[in-house]
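Given these sequences and hints, build the entire structure.
In the order they appear, the protein sequences are chains D and V. Numbering-wise, the first sequence is residues 803 to 922 according to my numbering. Numbering-wise, the second sequence is residues 13 to 394 according to my numbering.
No lab work stands behind these hints, which were simulated from the structure alone. Beta carbons are placed, not taken as given, at the ideal position from N, Cα and C, and that holds for glycine.
DEER-style ranges, computed between Cβ atoms:
| hint | chain 1 | residue 1 | chain 2 | residue 2 | range |
| --- | --- | --- | --- | --- | --- |
| 1 | D | Trp903 | V | Ala200 | 20 to 30 Å |
| 2 | V | Pro353 | D | Pro905 | 54 to 64 Å |
| 3 | V | Leu333 | D | Thr896 | 40 to 50 Å |
| 4 | V | Pro291 | D | Gly921 | 40 to 50 Å |
| 5 | D | Glu893 | V | Leu383 | 21 to 31 Å |
| 6 | V | Asp259 | D | Asp914 | 18 to 28 Å |
| 7 | V | Val375 | D | Trp903 | 32 to 42 Å |
| 8 | V | Gly35 | D | Val824 | 41 to 51 Å |
| 9 | V | Asp259 | D | Pro905 | 28 to 38 Å |
Just a few of them, taken from the derived set where beta-carbon distance is under 8 Å, the chain D residues facing chain V:
| hint | residue |
| --- | --- |
| 10 | Glu841 |
| 11 | Ser870 |
| 12 | Met920 |
| 13 | Trp922 |
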Amino acid sequence: MITSAPLPQQQTTEPYPYAGPVELRSPIETALRRVVDPEVAMSIVDVGLVYGVQVDARQVRVLVTMTSAACPVVDVIIDDIWAELSRVVPESLTLDVELVWEPPWMPARMSDSAKRIMGW
Amino acid sequence: MDARSHERQRQAHHGLVTAAGAGVLVLAALSLVVAVAGGLLRACPAPAPPTLPAWLLSGAVSHAALMICGFLGTVVGMERAVAARKPLAFVAPLASACGAALLILGEQGAGSLAIMVAAGTFVLVNVRIVRRQPAAHTALLLLGAVSWLTGSVMYAAGTGAPIPWWFAFLVMTVAAERLEMTRLTRRAPHAELQLCGTMALLVAGAALSSATVTLATTGTGLFGVSLVLLALWLFRHDIARRTIFSDGLSRYMAICLLTGYCWLAVSGIGWIGLAAGLPLRDMALHALGLGFIVGMMMAHAPVILPALTRIRLRFGLLFYLPLLALHVSLMVRIGFGAPYPLQRGIGALLNAGALILFAATVVGAAIAWRLSQRHPSRQETL
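Here it is as structure tokens:
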């Protein structure tokens, strides 16, 4: 695992920081939006669990968090991220999904639509 | 763009974890089966036959220990171990599963010791989780673990009243998880404080239940009051109030949760009635254990089972059938205060039927998911 980079705050225009080829930005975001937190029926992008995506010549690295350190579905969500990214990422690139706990997830990371659904 | 090699790597990474947990989960399931069979024997209004299999007698004698520690404790221990992502964390569910097996074999002393070891290890796992994320909900999970340990020490020592502590463990575990989910909503300013106060009452109730007779009655009453207050808190703050307007699995989970909270309140009334000298023991114990806790289990099984076993389920409307069966069977069992032993016996039999129906639904959902993988056009998985 690569040491986590500093992670900026959630922005309304960009759901998470992305660094890499422009042509992969949209397919990766679409893939990540297909990964759903089953209890709230919202994508992990809308819940604000994706902290960043970095693509270089060798790999795609995704930083994700969970709302709770006691969340048992963490591996299921990571499996889903792998499965969805595998569909859109070129085979020449390896995948690295890293679970991080810093900074802690905060409700402010939720997207505007997610907040609307949850009554903010 | 075919990247199946990625998928193969990921599957291989998790294969060992699944294999290690499978045996533990099989023992947990065995504990559930024996506990239910033993519970039916206890609820049977007719005199028991003179000769019964030893395992069935063990199931009747150790019904609560097998249900709460052997089954639910093992499953919750597995959940927490998966979340902790540390192999040593699996010692807790392994020990509680072994404890259940020993109890079934009639080894009461060794079984209760193994359960105590499980609860003690589970406390350490939760300390790690609190360190990773210091928050109210992780602290409450830790307090739940300490409650399990307290009850298990009493059980092993053969003193005090372990059952309120064991129930406190389960109630706090649910309350902590629901508290965590409320962070997704704009939570009322005093919600966390209200829940802390309610949990303090719960602990006080459990603690006093092991005291002298007069104080134990007060403890039982306090325990009931805290359950009613918790039900009101959950109705007021839980995100299920919003997710019930979604669809599919989320709506199903919300319905399970909200109906479970009704049983939580009913149970609280039962505990208060018990303190007042009314014959509501069955209502107090089983509205809580079956209506609330098993209701929560039915809510989360479609999400937790894949997390623990890597077996995916295809959610469908059939999941509502066992849920409905559970509620109807509980109404039969504890309706009108359940004055008749025959009524309780029939209700208990129907409760077991609801659990079997749920197990069949889960198996069917797992098969449906596998079939849907062969026909990708019909995929609508969890």
